[in-house]
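Visitor: Chain by chain, the residues run as shown.
Number of protein chains: 4
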Amino acid sequence: MLIVMRHGATDAEVQRVVAVIEEMGYRAHPMPGSQRTAVGLVGNDGRVDASRLEGLPGVQEVIQVTKPYKQVSREWKADSTVVQLGGGVTIGGTDVAVIAGPCSVETERQILEAAHQVKEAGAVILRGGAWKPRTSPYAFQGLGRPGLKLLAKAREETGLLICTEAMDPEGLGYVAEVADIIQIGARNMQNFSLLKVAGRAKKPVLLKRGMSATVEELLLSAEYVLAEGNREVILCERGIRGFDPSTRNVFDLTAIPVVHKLSHLPIIADPSHGTGLRDKVIPMARAAVAAGADGIMVEVHPSPDKALSDGAQSLFPDQFAQLMREVKVIAEVIGRRVAEPASVGA
Amino acid sequence: MLIVMRHGATDAEVQRVVAVIEEMGYRAHPMPGSQRTAVGLVGNDGRVDASRLEGLPGVQEVIQVTKPYKQVSREWKADSTVVQLGGGVTIGGTDVAVIAGPCSVETERQILEAAHQVKEAGAVILRGGAWKPRTSPYAFQGLGRPGLKLLAKAREETGLLICTEAMDPEGLGYVAEVADIIQIGARNMQNFSLLKVAGRAKKPVLLKRGMSATVEELLLSAEYVLAEGNREVILCERGIRGFDPSTRNVFDLTAIPVVHKLSHLPIIADPSHGTGLRDKVIPMARAAVAAGADGIMVEVHPSPDKALSDGAQSLFPDQFAQLMREVKVIAEVIGRRVAEPASVGA
Amino acid sequence: MLIVMRHGATDAEVQRVVAVIEEMGYRAHPMPGSQRTAVGLVGNDGRVDASRLEGLPGVQEVIQVTKPYKQVSREWKADSTVVQLGGGVTIGGTDVAVIAGPCSVETERQILEAAHQVKEAGAVILRGGAWKPRTSPYAFQGLGRPGLKLLAKAREETGLLICTEAMDPEGLGYVAEVADIIQIGARNMQNFSLLKVAGRAKKPVLLKRGMSATVEELLLSAEYVLAEGNREVILCERGIRGFDPSTRNVFDLTAIPVVHKLSHLPIIADPSHGTGLRDKVIPMARAAVAAGADGIMVEVHPSPDKALSDGAQSLFPDQFAQLMREVKVIAEVIGRRVAEPASVGA
Amino acid sequence: MLIVMRHGATDAEVQRVVAVIEEMGYRAHPMPGSQRTAVGLVGNDGRVDASRLEGLPGVQEVIQVTKPYKQVSREWKADSTVVQLGGGVTIGGTDVAVIAGPCSVETERQILEAAHQVKEAGAVILRGGAWKPRTSPYAFQGLGRPGLKLLAKAREETGLLICTEAMDPEGLGYVAEVADIIQIGARNMQNFSLLKVAGRAKKPVLLKRGMSATVEELLLSAEYVLAEGNREVILCERGIRGFDPSTRNVFDLTAIPVVHKLSHLPIIADPSHGTGLRDKVIPMARAAVAAGADGIMVEVHPSPDKALSDGAQSLFPDQFAQLMREVKVIAEVIGRRVAEPASVGA
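Chains as they are written, first to last, in my numbering: chain A, 1 to 346; chain B, 1 to 346; chain C, 1 to 346; chain D, 1 to 346.
All clues given are correct.
It does not matter which identical chain is used: a pair holds within one copy or between any two.
Lysine to any residue pairs mimicking SDA-like chemistry, simulated, CA-CA at most 20 Å apart:
id: 1; residue 1: Lys196; residue 2: Pro169
id: 2; residue 1: Lys70; residue 2: Leu262
id: 3; residue 1: Lys306; residue 2: Ala19
id: 4; residue 1: Lys306; residue 2: Glu13
id: 5; residue 1: Lys196; residue 2: Tyr138
id: 6; residue 1: Lys261; residue 2: Arg248
id: 7; residue 1: Lys196; residue 2: Gly173
id: 8; residue 1: Lys77; residue 2: Gln60
id: 9; residue 1: Lys306; residue 2: Gly58
id: 10; residue 1: Lys202; residue 2: Val178
id: 11; residue 1: Lys196; residue 2: Ser73
By construction, these hints were calculated from the structure, which means they are not laboratory data. Treat the numbers as computed from the prediction; the structure is a model and nothing was measured.
Make a model of the complete structure from these sequences and hints.
Guide: Here's what the structure looks like:
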């Protein structure tokens, strides 16, 4: 950490900074310059809380050098984490995994139909919400536990793995019993109580980036899960808040290579929420794979115009089939391979 | 709701839109124009989920006219809500309430000292976190339940009311037993499970605006609380995410008159988190009162340079006393009055 | 246009709105609803300035239905514009054009070396700034007119076409004499005086999206150029401002399919400015082509660590050659073809 | 400047960084740490262009310590700049100057009426655009030079000083002949060619913050003007781009104390563009003065519902008179005084 003093800061002010640093248990390294003095803080094994120093008289700025996260970083673990799911499906290795299905589980018929359709097109994991975080309390909130049972039935029929969202500690217990991947949604990315519970679950966690979260904050939220002992975390870029109403979100695909450099954790991309518009999902799913995503998550509904939620961004089944054909070739261009459902058996 | 068709949409496409609207239980009103046709959806008593319509062929855009919230709106209740706290303290009427205290409860001595200091300067409510949402799992997470006990003791000694944060359903139960106001933090503004629990609590709720929440989303989160039966909701502007690193957040004071026009709920402002910089807190607290805030929430610490969290944005007690003198006069300029601790007794 | 009245607006207020609409020369269509009245404004052949109506008593909101641009829209011209450059190079058709070269023209040796290197790897257009918009007045501002001469020499030697930026009306005259494409930079996207001059030039214009411009504003700026008679406009996504310091900009690739739907103009992408980081340029260039970009613009420098500007985001020549190999295959996956320099001759 | 090496960077990589620093003419200071090495760059008298260093192998991050601007900084000049306008009006001292008038000059009758109204209420400077930067080429673009003559006539009749915008080098010449303050609009904040011309003009310059400009970028644009010799620069916060459609812009009032700390230049605030909504202008103008603004700029129109531009955010004359009464008292609370037109004579 570097504490930059104001031009003209007094010796007493510099000494006060040095004293506080030493009181905090670190070593201080004053470096007088032609324009100002900076004081290096050394001896820290991790991020130091700067707030005590920032407010001291004569301090202009505190610059963090050490990253605030540990176990999620590539410096902690150089090899990429490969999350092992059932049936030979992995996320984070050479394979590009495709997760697809409706926004919400609505009826048995709907979810089974969707499951068969996405499997046929080549997906290996089925998505579908039993609990739905909705901006309005008057919107459809999901079927709850009966929805989980329908997902289990879909898995039984198709061999697809299941990824579904938990919204609170109680629900996470139910999800962990049934699902193959526990999803933490964007709005809960900094619900630290929930992250801690997820960190004690025995299932892989899919952690979606919050709407206004920096990559660093996303990694720190993942750190909460790892710090509790669960190392099977998959990150997900799903669009961030922007100023342009022409799309629902800004799909920040650069986050993929950024995460790959900073962390060993896999990262997938969700072009359905990332754009919010059906006819943008196919080009942006292709772009995500070209950018190096370890998987994609796509909303597909047997009848999008009858969907109870997110109908406008859900693909028709035949659109999804087209998308699968395109991303398979793009994956090969960059030396990867779209995971095949054959490997899951059914 | 207005469904705008593309230039050149076919009659069949317009008819499909009409049919879906009727299938949804509303009436459709096609309006052919010189350049395109628009179809009005009428007969709705509240917001309609547009996603089924947005994706239909020939549809260019769906424009919402009805606001998606109800009970929080001024159209639902024209008179401003005045939240009655104990001891004659109110938020939402003529009085401007000042909430002050440290970021976290750290020790008995620290919280009692802070309580006496802010009371003496004129605050009526004590803030202080027993549970702290921290970006990093390695940062100080709060004292938990023992912190609540210290807050109760501070109330006993000073007569100040208590406002403290709940981070999960379990903690909310404990907070509701002790606090006078249950705070829901910015990161949990869309933690809908927590909002529902808060809606069933018997204490007023202070709901902070999320870092990337629109005012409409803030109101919808408040609607979750009201929909469960708790009408005592106080909103709080605390800064939103922006692109300029020169402040921690962008303090969006215009949200105050915006909320006052759309909703009957009171709104206060938190210049400490809103700016993140101690020397910006005083001018921005003055600005908040000048903009019409129903209260302000300010971090004050007996020794900011020893604080375990948010030291750099906490005021020294004498700075807080100066701030109180200034906001009192500004409140009077606009026909209001800073609530006085005398009315709380002690 | 739809003028939404407040709940409880009086008849007199509605009549005032109707009167103002008629005074403006349009027809008014009051539509009383169960909750509020809306007044449709019809008879407009283009966007109506809403500001007079927005402020009238009883008006809650004015909703624009008509797009504010005309000649750039797909409704005005359904077929995609194919900009014809010299030597058979086109932008906007099946070909994907690659523009490459250094940020600035620095020396004869540097620009010639760069030109040969990018040509060899497969670029068809050379970029290089003679005038550079720099945030600081103390940064290298470009060689000016001598830089243009060096670009002309590079074209002579390699057959590459030239794309270079104009920063003011006077400079645009010089650029138009020499360059094959006149670039208007992101900071000048709403320099309307410059856009009008570009609209009277006889060369194609490359218009970069401003850092905080919506797609609608980008199209309106292009409309300025078309309105003056120049229809050869190429748009360029180059990253927008965001809140995350982990990249220089947020590279908004979804703008590509968004523009393709709204407008007939071609759009290319600049992953060098879009990300600001050399090791992100290759994956994001691939992503841009996968998303459907009509071209890419990439900074390449013979010795990036000696560059006078943008060294950190410039590719080494061999990295650029690798990128060319990858984008060629991706272009084919989606039925396109990277334009070949052979067609330019040399 | 601090060059932070990656964990595990080789000695050769560190040596390469040292060599490049020395090649650039500075001294290098390697500091090996327990986790990584950082290399300090010293001996620089101003900002160093980091791009050559950022891309070197083994470099993780380059951290700027020195601010990139000079003459605008408080370190360069500790005393606040007080811009002297005619007739004893100043901006930047104790007085709070009020600039008011219509968005555009429309007719002689309109501008004279507006001038008399704002003078009577207490403004000292008249605003009004002769050239208007409009997003759409089809919107009213201003009267041009005849508009300047009408402004001169209004000054003659009322004694008000004149502030009006220049959009290009040619227009700036005309504006400089007539106006007392040359305004550079938000969209031209990084039109560096225009800034250089303004820096050679003999009149004070009002520089508006760009919609997505950081405070640092605003100061750097002011630096362009000072670097050419014109030290009479007034900054203006006028709202930045945000994600919430409930206001036209996010009015970032914290920029006022931020600028006051970093720079000696005065800063005023424009609540009309800052909010875009008439009924938000009064509370936010009060807030701006409470936050310490050196002046406010407010749109006032004799008949806002007939305005050719910005009608919805223009105050009615009687609203402006009320605002003046309120801000006068608030200015006094913080030891300032609203400048009085009496001092201008008429």
